[in-house]
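Number of protein chains: 4
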Amino acid sequence: MRFINRLAILGAGSAIAAAVLVSPVWSEDMPSEKPMASDSAALSTLDLSLDQAHVILAAAVAKSKEIGTKMDIAIVDAGGNLKAFVREDGAWLGSIDISIKKAKTARYFDMNTGEIGKLSQPGGPLFGIEHSNGGLITFPGGVPIKSGDTVIGAIGVSGSSVENDHTVAEAGAAATK
Amino acid sequence: MRFINRLAILGAGSAIAAAVLVSPVWSEDMPSEKPMASDSAALSTLDLSLDQAHVILAAAVAKSKEIGTKMDIAIVDAGGNLKAFVREDGAWLGSIDISIKKAKTARYFDMNTGEIGKLSQPGGPLFGIEHSNGGLITFPGGVPIKSGDTVIGAIGVSGSSVENDHTVAEAGAAATK
Amino acid sequence: MRFINRLAILGAGSAIAAAVLVSPVWSEDMPSEKPMASDSAALSTLDLSLDQAHVILAAAVAKSKEIGTKMDIAIVDAGGNLKAFVREDGAWLGSIDISIKKAKTARYFDMNTGEIGKLSQPGGPLFGIEHSNGGLITFPGGVPIKSGDTVIGAIGVSGSSVENDHTVAEAGAAATK
Amino acid sequence: MRFINRLAILGAGSAIAAAVLVSPVWSEDMPSEKPMASDSAALSTLDLSLDQAHVILAAAVAKSKEIGTKMDIAIVDAGGNLKAFVREDGAWLGSIDISIKKAKTARYFDMNTGEIGKLSQPGGPLFGIEHSNGGLITFPGGVPIKSGDTVIGAIGVSGSSVENDHTVAEAGAAATK
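Listed in order, the protein sequences are those of chains A, B, C and D. Under our numbering, the first residue of the first sequence carries the number 1, and numbering increases by one thereafter. Under our numbering, the first residue of the second sequence carries the number 1, and numbering increases by one thereafter. Under our numbering, the first residue of the third sequence carries the number 1, and numbering increases by one thereafter. Under our numbering, the first residue of the fourth sequence carries the number 1, and numbering increases by one thereafter.
Treat the hints as calculated values from the structure; they're not laboratory data. One or more hints might be untrue.
Identical copies carry no separate label here, and so any pair may be met within one copy or between two of them.
Said to hold, decoys possible - Computed list of lysine-lysine pairs in DSS-like fashion (alpha-carbon distance at most 30 angstroms, straight line):
| hint | residue 1 | residue 2 |
| --- | --- | --- |
| 1 | Lys118 | Lys177 |
| 2 | Lys70 | Lys118 |
| 3 | Lys146 | Lys118 |
| 4 | Lys65 | Lys177 |
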């Protein structure tokens, strides 16, 4: 079926809408035999498993004990949704939310939270970004988790200095490939 | 009918409300031949259509592809309410909320978001404005959409550097007149 | 390396924690040669593409025009995050949020929103579930989107009767496989 | 007047509250031999350890696998603050928040969430209680965790029927004494 025919079905009134809706209509090199819309394929991707989350948590807890800290550790999956969490005995209550927000922030932008913080200072290009997404945390301690080149989640750690938080998060993220 | 009579109809209890509703009641030099309230004219205005939104989205997506970025793109209408949105495959999850907030911010104040950001720095006249309206975003990427001289909506773009975000937003806003 | 050795690394004090963290330690038939933690595999899965979202939106808009309604239509991906949205000219402003919440609710529980609503009535097993997740919508109009047997997202429609909302959502969800 | 007598006046039922309220600094007939304020004793109490949380999680996950469900499982400590969380692969995204809210609700009132739900139906004495505390969940799946007679936390489970949710929560709560 020709693309122009499908536009006709939708009617002249919505032609512009249809032109956009039936992606990738805006391409200038549209093939004359464009495939049916129903041929559009889902994206094939990867997501964090609970087994991976446990390996990551174990590595992070081990690092936390090694350097003598008490941490809140949160892990989110590819969709930015909480997958696993632990709070070590005696770790800060306020770090529950911070660790979760660090994990989400790292996944939301696929970079270490500390990198975002460099850009969100007064005068920086992202000043005020923390006001988005229900509250971001942009100091170190959030690190993406990858499988090969694909970001499949993130870990957020809070409970000590931001340097220690980052160290523990890195140890966790490095525990899976 | 005299104005005082109309107030009486509404009753003493709603006199204050009426005094506001039937503007300009508070004028002391109210003409004796003041027109009926029902003669008051509604504002004749313009609003963004979905067809326009699609044209704008298509132009923004084309620019995004041209410069090799992955963007979240939001469009709001004259009322600042979401009209259309797309997230390109692989674009940041955190940019969903940011693109929408950029579009709203641009329409809330009828100017580019980056202009507001210049005024909201520490020591600036609008410091802290991001705390209003459920969270504003005041760095570049939000641009008003006009029809002639009338602002009929705004576009917000997020997913790359703020310069790229602004470039894509401008391309979108320029696609309709 | 034997699993028991890895436990020893973590130390006796955290033995119980480790027993859980290094899933699936609680299995009673744990192999003596359990693979290294780093062997844990990511989940291979599918996600909604923007091309699919556009096909779905086009089908939903076409159905909406066919039955003479004005709809807000939202699409979320596998992670429950907004992928695309359109509001037809003249559609209810209050349906922006409802359509998005319907789409999220359908993905959050992988079922039609109306099914949840049957269970959340007074006296029903899920009474009050709407208070979770920042506000759910549990009347019809939200429908999961599948690729084969995998839920890859959901569509939420609001703007008319719940019967019409559901009809349009179904038409959208059926446009991709 | 002796302090013990003043407690008696208030009645046995509120003895504990009185012991705090009359903590007896504002008394006008303060005895000359009154102990220094700094002698006031803190409450000696118990709290959930992370090791216990892991034992509880392991028991809950084992029960979930045994009955063939996919669950979100949250554990809060004596302060009602998140201590540990896991989401089994494929478990509902919407159950993240629900499992956490069930755990909090069970600890907030030291009873099974289903018990509260019986009282919060239309016409019941607690109708509308779900609106408090940022959103409660009052259907089954939340169970207090005790050490002897002391409530030291709670478990919340969501992901299947409320009967299954409760079964898994009970299995978890029973894993520690």
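Hints versus structure:
1. Lys118 with Lys177: Cα proximity of lysine 118 and lysine 177: one copy only (27 angstroms, versus 38 angstroms across).
2. Lys70 with Lys118: Answer is both: 26 angstroms inside a copy and 22 angstroms across each meet the 30 angstroms cutoff.
3. Lys146 with Lys118: Answer is within: at 22 angstroms inside a copy they meet the 30 angstroms cutoff, but 35 angstroms across does not.
4. Lys65 with Lys177: Cα proximity of lysine 65 and lysine 177: in one copy and across copies (23 angstroms, 27 angstroms).
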